Amino acid sequence: MVDVTLTINGTTVSRSTTPRRLLSDFIREDLGYTGTHVGCEHGYCGACTILVDGEPARACLMLAVQADGLQLETVESLAPSPDALHEIQQAFQDNHGLQCGFCTPGMLMTAKALLADNATPTEEEVREQIAGNLCRCTGYSQIVDAILSVGPVVRETP
Amino acid sequence: MTIRETNPRHFGSRAARSEDPRFLTGQGRYVADLTNVGTVHARFVRSPFAHAKVISVETSEALATPGVLAVFTGSDWADIGITCVSSYPGFQSSRMPILAGDTVRYNGEAVAMVLADDEYVAEDAARMVFVDYEPLQPLVDIADALADGAPRIHEDWEDNVFVKRRFVSDGFQDALDAAPHVVTQKWEMARHSGTPIECRAVVATYEPGRDHLTVWTSTQIPHLIKSGLAAALGRSEDGIRVVSPDVGGGFGVKAQLYPEEVACAQAAIALHKPIRWVEDRREHLLTAHHSREHMHEATMAYDDDGRILAYGVEVRVNMGPYSVFPWTATMDTGMAMGILPGPYRVGEYSASGFPVATNKAPFGAYRGVSRPAACFTTERMLDQVARERGLDPLEVRRRNLLQSEDFPHRSIGGLVYDSGTVRECLELLVEWTNYEDLRVDQERKRADGRLMGIGVVPFIEQTAHTSQEFLQRGVPIVFGYETSKLRLTPDGRLIISASIHSHGQGLETTLAQMAADALGIGLADIRVEFGDTDQVPYGSGTFASRSAVLAGGAARLASLELRDKLARVAAYIFEAAAEDIVFTDGHVSVRGTPTRAMQLSELCRIVYQRPEQIPPGETPSLEVSTTYDAPPGTGTYTSAAHLAVVEVDAETGRVQIDDYAVVEDCGRMINPMIVEGQITGGVAQGIGSAMLEEFVYDDQGNLMTTTLMDYLMPTATDVPRVRIRHIETPSDTVAGVRGMGEGGAIAPGAVLAAAVEDALLPLGPVVVDRLPLSPERVLRYADRARSNGR
Ligand code: FES
Ligand code: FES
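Respectively, the protein sequence lines represent chains A and B.
In this text, residue positions in the first sequence follow this note's numbering: the first is 1, and each later residue adds one.
In this text, residue positions in the second sequence follow this note's numbering: the first is 159, and each later residue adds one.
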């Protein structure tokens, strides 16, 4: 067993875990943040996308021990309060950017990182940036519209 | 029966979805998110062979692994399995084992189940189960299985065809013989599947004290899973509860009873512990039921003007080894035989269907079921007719399409088209996309050496079909009706419990929209429940573009009954006539007398808590359960037309989709935003079918595409923006709606194949006869076109 201390959504947690435990399993099953979804466990679908020190990363491609000392953000960190949505979340609802909701947490975290990097992306840039996140339900256009619709204020202050 | 609200507020609006907030905040509850104290993790040992004798299964090392509680093998559960016998005469039945016994019949079939207190340990231990196989000759392709002297997939069968069915109209042969022109062509669609982003997952618990089993599973059909489990396990249905919580996409893949569901239930009973199995992506691609692998041999006779005189198709589908529950092995062949004539006047018709047993993975439903293949074949045939007669493909459609006056229409395929606006959809599409200008633009591009192509396809789709249709399909459980139970709470909120489910279709919102207006209640005050068989009425679940029509219709009817009762109570209290009671925005009042009004919540409270104030003879209850089966039960038809513009790069094989436009008529729309979302998502899946997706097997029957790097689904850069327009012709169902969940996925294969074939024409004529149009395959077509052109 190895001790891991990390910060998740602003809270510092310490756990001992096996060296081989995937970060995705650690987040979901040991820490209880089940908003991070697992769709392939081989780094392709993007459902498990979280932010690691502000950068998007695939939780299924990291081991929990590799996250020692790092800052993680999951979908649970987005909403400012239990009865309000973050602007990106609101944009997804307004534009019907989700259907079954399974890809949604990964999409939202990818969108957050992309808007932090580029406050005024073009449609093409959005499509390229989210091409690493599979959605089987929407056909993507509504997700693209959602991301493009997020106000510039939000884009600049992630 | 068309019931319209005089003042619809919610029906027809682009209401934001009620289910969104929980999905957006990570609070959705999918099966893999559930926790149970003391959970035991399951891992299946799967066959590396497509066809083999199982000589022995050695489990002692696995059992000796610390943390392992049990290992089950085929011999433990030899007497249970999944059967689904069609009532068609001559049907050869199969039994899908829970764990394979002495024979494995497809790559990935489970031979053992390892149970451990940790998921990682279960996976380690599964590698310590040693199975001795004696490989047998695998029957991979349809031709292998039909070859003379081919070994039998099932020893007691006469051959490898589940059932042979044939229909020939009386004048077919004469029409064929007399026709001036005949085209014959073979068409193929690759095996692929719905492949939701959430894989399958099951949690099963057993309470010995109550002899009660609960199975949480990611399924579209909770009650049917319960009935199927009861049959497989020999248990009574009251001792089983199936719960399907949030489902991360279904698309048909999750509309079958799977051996893993039975295995987890059986293990929970055996160990008295909660059992959890979360499928990994490799298992999903190997074993979650595949679909779409059709091969059609079609003959079309036509006159000088390109009018169809006779049409004959032999349909063969590669079904894998087993008949699946609840569909049997005849669904795809049967549906193709019915719908192949499509929206056209077909004078004489012949169809035969051969569901062929092979050593590929079992075959189940995928959005559109069979219709994508049928549409592909019929539309591709018409494109050949157009080319041979020197006509524009659009013109050939116009000459053959059914006209408004032809509806209702009993098709020669045996279906009853209640209504149809295919012609109207096509004409609007043509006008809206400036079809004539597109052809001019194409000439210009061709002159510049660019390969631009256009595909245009109208189709008609059976939706909301119920008992009459399923009776004809010979399935052992005849689906039909759906039931919605509406309850008003004492504080005036509405709970709708429905027998269907929702896995992205937004039915939590649209069912509320169906029920809201009659009661003047806001969507925020309505909660919709699905998926828990202890909570929701019996019914079939969600598949086949039926849920909004049937469960929505039931909800609408129940809401009207509740309104009538509330109106009687309010009339008594207000000393007014029940007809004068109006319900708006959470208020109940007497028409024209605004002073006589109260909150809906107050009225509900009176019914439940002050029964002495309600009229004599009324019960103090506000609960109505209504079942709706959309008579006559043969479905209401949705019409549509799709158009695509592509440009092909003949050096790389890349196909760029420059435009994709859809005109459709799904009747009155409950929520246009959701309708458009379903169409866009369906088209995206259809583009996957057309361009990317294929389960590739090697000649030994091993699946080669077992990761998402090999099995390619469309990404945001593959799917264009789909442009959509609507025609709204009310149907005869409650509220005038038609089903529309699958339509988007039906035409893209036919449209894009036509567009690519059209694009390649300057190189030479070629028939695009197989999907998907991967770059390699497009290059091969381009080569063939060049050599034909020489
Ligand atoms: S689960 Fe991590 S990328 Fe698919
Ligand atoms: S919303 Fe279902 S996978 Fe994206």
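Don't read these hints as lab results, they were simulated from the structure.
It cannot be assumed that every hint is accurate.
In silico lysine to any residue, SDA-like type, Cα no more than 25 Å apart, as pairs [to be verified]:
#1 B:K603 to B:A682
#2 B:K431 to A:D53
#3 B:K603 to B:R938
#4 B:K723 to B:P790
#5 B:K211 to B:V341
#6 B:K431 to A:E124
#7 B:K211 to B:P309
#8 B:K322 to B:I635
#9 B:K431 to A:E128
#10 B:K431 to A:P80
#11 B:K431 to B:P309
#12 B:K431 to B:D462
To give an idea of the chain A side of the interface with chain B (calculated C-beta under 10 Å), a few residues [claimed, not checked]:
#13 R15
#14 F102
#15 G139
All figures in this text were calculated on a predicted structure; none of them were measured in a lab.
Backbone N, C-alpha and C define an ideal beta-carbon position, used for all residues, glycine too.
Structure-based check of all given hints:
A distance of roughly 53 Å separates the Cα atoms of K603 (chain B) and A682 (chain B); the hinted pair therefore is violated under the 25 Å criterion. Proximity of K431 (chain B) to D53 (chain A) is assessed by CA-CA distance (about 40 Å); at most 25 Å being required, the pair is judged violated. A threshold of 25 Å between alpha carbons decides the hint, and for K603 (chain B) with R938 (chain B) the separation of about 22 Å falls inside it, so the pair holds. A hinted pair counts as satisfied when its Cα atoms are at most 25 Å apart, and K723 (chain B) with P790 (chain B) does not qualify at roughly 28 Å.
For the hint linking K211 (chain B) to V341 (chain B), the alpha-carbon distance of about 45 Å lies beyond 25 Å, and the restraint is violated. A C-alpha spacing of about 51 Å is found between K431 (chain B) and E124 (chain A), which places the hinted pair above 25 Å, so the restraint is violated. With a CA separation close to 14 Å, the supplied pair K211 (chain B) and P309 (chain B) stays within the 25 Å bound. For a cut-off of 25 Å, the pair hint linking K322 (chain B) to I635 (chain B) stands: about 21 Å separates their Cα positions.
For the given pair, K431 (chain B) sits about 46 Å from E128 (chain A) by alpha-carbon distance, which is inconsistent with the 25 Å threshold. For the suggested pair K431 (chain B) and P80 (chain A), the alpha carbons sit about 39 Å apart, so the restraint of at most 25 Å is broken. Of the pairs offered as hints, the one joining K431 (chain B) and P309 (chain B) is violated, with about 42 Å between alpha carbons and a cut-off of 25 Å exceeded. For a cut-off of 25 Å, the pair hint linking K431 (chain B) to D462 (chain B) is broken: about 72 Å separates their Cα positions.
Of the supplied interface hints, the one on R15 (chain A) is violated, with its beta-carbon coming no nearer than about 15 Å to a beta-carbon of chain B, more than 10 Å. For F102 (chain A), the interface hint holds, the least distance from its beta-carbon to any beta-carbon of chain B being 3 Å, beneath 10 Å. The criterion of a C-beta within 10 Å of any C-beta in chain B is met by G139 (chain A), whose closest approach is roughly 3 Å, and the hint holds.
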